[in-house]
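Chains A and B are the protein sequences, given in the same order.
Take the first sequence: its position 167, counting from 1, is numbered 167 in full-length UniProt numbering, and each next residue is one higher.
Take the second sequence: its position 43, counting from 1, is numbered 43 in full-length UniProt numbering, and each next residue is one higher.
I should point out that these hints are in silico values taken from the structure, not numbers from a laboratory.
Remember, predicted model here, so these are calculated numbers, not experimental data.
No residue lacks a Cβ here, since even glycine has one placed at the ideal position from N, Cα and C.
Heads up, a few of these hints could be off.
[As the list claims (entries may be wrong)] Negatives, chain B to chain A, calculated, CB over 10 Å: (1) LYS24; (2) MET36; (3) LEU55; (4) GLU95; (5) GLN131; (6) PRO229.
[Stated by the list, open to error] In silico BS3-like links for lysine-lysine, alpha-carbon gap of 27 Å or less: (7) LYS338(A) x LYS201(B); (8) LYS206(B) x LYS108(B); (9) LYS262(A) x LYS17(B); (10) LYS108(B) x LYS345(A); (11) LYS21(B) x LYS262(A); (12) LYS201(B) x LYS345(A); (13) LYS17(B) x LYS308(A); (14) LYS386(A) x LYS308(A); (15) LYS21(B) x LYS338(A).
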Amino acid sequence: MLKRCKFIVHYVSKFNVFEQVRYASQILPQFSAEKYNVKRKNFSNVQAADVSYFQSILGNDRVLTDRDEVLPFNIDWIRNCRGQSQVVLKPKTTQEVSEILAYCNKKRLAVCPQGGNTGLVGGSVPVYDEIVINLMLMDKIITLDEISGALVCEAGCVLENLDNYVRGHNLIMPLDLGAKGSCQIGGNVSTNAGGLRLLRYGNLHGSVLGLEAVKADGTVIDCLRSLKKDNTGYHLKHLFIGSEGTLGIVTKVAIHCPVLPKAATLGFFGIKNFENILELYKSAKSSLGEILSAFEMADNLAITQTVKNLNLPNPISDYPFYALVETHGSNEVHDGEKLSNFLNKEMESGLIMDGTVTSDPAKMQTIWNLRESIAASSLVGGYVFKYDVSIPQKHYYDIVPMLKQRLGDKASAVFGYGHIGDGNIHINISVPQYTKEVVSLIEPFIFEEVSKLKGSISAEHGIGFRKPQFIHYSKEPSALGLMRDLKQLMDPNGILNPYKVLPETN
Amino acid sequence: MSRVLVGVKRVIDYAVKIRVKPDKSGVVTDGVKHSMNPFDEIAVEEAVRMKEKKLASEVIAVTCGPTQAQETLRTALAMGADRAIHVEVAGAEYETLQPLHVAKILAKLSQDEKADIVIVGKQAIDDDSNQTAQMTAALLDWPQAVFASKVEKTDSGLTVTREIDGGLEVIKTKLPAVLSADLRLNEPRYATLPNIMKAKKKPLKKVAAKDLGVDLSPRIKVVSVEDPPVRQGGSILPDVDTLVAKLKEGGHV
Ligand SMILES: Cc1cc2nc3c(=O)[nH]c(=O)nc-3n(C[C@H](O)[C@H](O)[C@H](O)COP(=O)(O)OP(=O)(O)OC[C@H]3O[C@@H](n4cnc5c(N)ncnc54)[C@H](O)[C@@H]3O)c2cc1C
Ligand SMILES: Cc1cc2nc3c(=O)[nH]c(=O)nc-3n(C[C@H](O)[C@H](O)[C@H](O)COP(=O)(O)OP(=O)(O)OC[C@H]3O[C@@H](n4cnc5c(N)ncnc54)[C@H](O)[C@@H]3O)c2cc1C
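Can you build the whole structure from these sequences, using the hints too?
Here you go:
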């Protein structure tokens, strides 16, 4: 009987949204090359001799060539992009990665580095026949220094596994995101993933202490120090953080893990309008100060659609906006006092219309699960355009009503949610069907508007395959020029993740 | 209208990973997050709904445990219970507190408070005893309707749908009666902020077990608490023939 209870409880709190959504649509996406009209670059084609060579390094089991086996590695998480790769390699060591790259570089064979394949901009799957190098078997934890909190591990470790591991030592991973059950630390580093607690623990340029990466020619670059301070020359690790597999393959990571908070509390509130969200954020920053660990918002449709499509419970009733406020601290009593002052004040002021607050881990999980499932909810049925932009907080939400008006009944849903503390909003636009007409209504409009507001067209998901042609809305020509120079220096043959990040020059 | 007494227990939160003490005398509870037993939440929810439907006049939440158990009572109050009784049991006595003791306490309080209905969760997720409701009913000599998945008021009493092996059983019972809540009885609400605030001001009475005349000396001795056996890792087989061969080898087919 207990088993049944546990099962249901598990079902409610850790509903496997990924699987449900991934298999919701069995229809294969169109080839990216056709859909987006991309010309194949002048790389070699994979020959039988190449496969034999890879087998000589990895053995037969870690070289996939069977079409059905290779297929999932060709399709991205949102099933928007589909590559045509015929080979997937699964190295287990840095040495193997190095040998593979040295060979591919010499033979002019293009490769696509892949982690958990949860990236949202098509960067993690090939466009043509690039060889997929998936890091999933490089999943060993190397060391954990409990005094400094430095964790050293291989790039293929799944984020959630790392978090579970360090929690056993009273630490947590400095980042947390909805894809944690599948994404890998190497993928997180390569995309400079932000996530739910960036507000508190900062981004990966701060928490990654060191890393090891392999350059296109197979050279292993060892920057794997686990020191907080290391001002010896250029800070090369930053080149690999956020470069989305275009400058090298990350093979090991040293990362700083903060202390596991002794007390954690989560509130979920109904809010009247967006202005009040901003007011509440200001108030939370001053009342909760150093214990504030996350401040997220979602509009009504984001929550109601998630509740409906994924059949999740909504802890409170219908409100125009929702705010999710989390605290992490070291003393339950102190934190409770701060929180209850904050709540009393803002209930009275009316900024919080209604809500719930809990420090029961299971209930917190259920609420977080609702927030984290928003990304997946709109994948049920139809086609969804997803945007991830940063906008100065004052104008954070402006773009949602603008898009609603522009698209009218051509969109079945337009909603916004995100990490308001970081000025980062996710905008989902659901349409019954992908059509060129809808695309032309959204792009480049949305990027132009973001650019006018001095925002970033990609706050945390990166540029990948889907956004290089828009990168100029956020990067000046001088900066783009230096990016090209670096690419030329580090990967002169352009074999690492071609068609991604850097726009074509023509 | 009836008065409802609800038993709530403070247990290790079900999202927390359980660790067995090295000396195998129990599980680690120090510094571990606790919350209300999920089945008891369902029991509270049902009682509160009875009150909202005007079938009950008052909902009283009861817990037996150390001071921290008052948090669990506050949760019940925030969900809508009217008042709470904390039966103080701490230290060594709490460690050996068993369903019979709790049943005696609940039986005594039901009489003192003139309750017509006692609802508890069908089991607590820590010791999995599934005995409290039944023992309470026996001690009071009241009818019992356990594993309830639906409770309706009928003229002379209650019509209760019970989850039994392989199906559902519908029974009628007169009041007073003892009920235990099964998983599908309802989906417990989240306490809303105004109610959480109000709960802080609702009455919470403390009593000592011995003032209720209940003897807490243990009847059962825990010999050893052990981790479940570690699941063996799976392996991927190349084809169906190998699978069949393996199954035969293991004597499964
Ligand atoms: C439900 C959901 C929620 C998400 N939430 C967030 C969020 O809150 N914040 C956020 O920032 N992102 C979020 N993301 C997107 C995020 O970028 C990815 O989830 C994650 O960081 C990518 O890790 P991955 O291992 O899946 O990498 P992949 O998707 O496999 O790859 C991403 C990119 O990195 C490259 N790459 C991967 N591994 C390596 C490596 N070892 N070396 C070099 N290059 C590599 C790939 O070539 C690709 O360009 C979310 C995604 C999903 C599906
Ligand atoms: C009393 C004292 C205490 C200190 N404490 C600390 C400490 O706690 N932590 C710490 O990290 N350091 C400390 N330092 C050293 C520290 O590096 C400097 O104080 C400070 O960061 C340098 O700033 P500056 O403007 O004086 O640079 P300068 O000394 O003028 O230059 C330092 C270097 O930076 C270059 N540089 C300067 N400006 C520019 C520019 N605009 N563009 C490009 N290059 C430039 C110079 O060529 C030179 O190589 C301390 C120094 C002193 C004297």
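Verification of the hints:
1. LYS24: 20 Å, holds
2. MET36: MET36(B) not clear of chain A: closest Cβ-Cβ about 8 Å, inside 10 Å.
3. LEU55: 24 Å, holds
4. GLU95: 21 Å, holds
5. GLN131: 13 Å, holds
6. PRO229: Since the minimum Cβ distance to chain A is about 15 Å, PRO229(B) lies beyond 10 Å and the statement holds.
7. LYS338(A) x LYS201(B): OK: LYS338(A) and LYS201(B) at ~19 Å, within 27 Å.
8. LYS206(B) x LYS108(B): Roughly 15 Å between the alpha carbons, so the hint for LYS206(B) and LYS108(B) holds.
9. LYS262(A) x LYS17(B): Satisfied, since the Cα-Cα distance of roughly 15 Å is no more than 27 Å.
10. LYS108(B) x LYS345(A): Violated: LYS108(B) and LYS345(A) sit about 42 Å apart, past 27 Å.
11. LYS21(B) x LYS262(A): Answer holds: LYS21(B) to LYS262(A) is near 20 Å, not above 27 Å.
12. LYS201(B) x LYS345(A): 18 Å, holds
13. LYS17(B) x LYS308(A): 30 Å, violated
14. LYS386(A) x LYS308(A): Since the Cα atoms of LYS386(A) and LYS308(A) sit roughly 19 Å apart, the hinted pair holds (cutoff 27 Å).
15. LYS21(B) x LYS338(A): 34 Å, violated
Checked against the numbered hints above, the structure breaks hints 2, 10, 13 and 15 and satisfies the rest.
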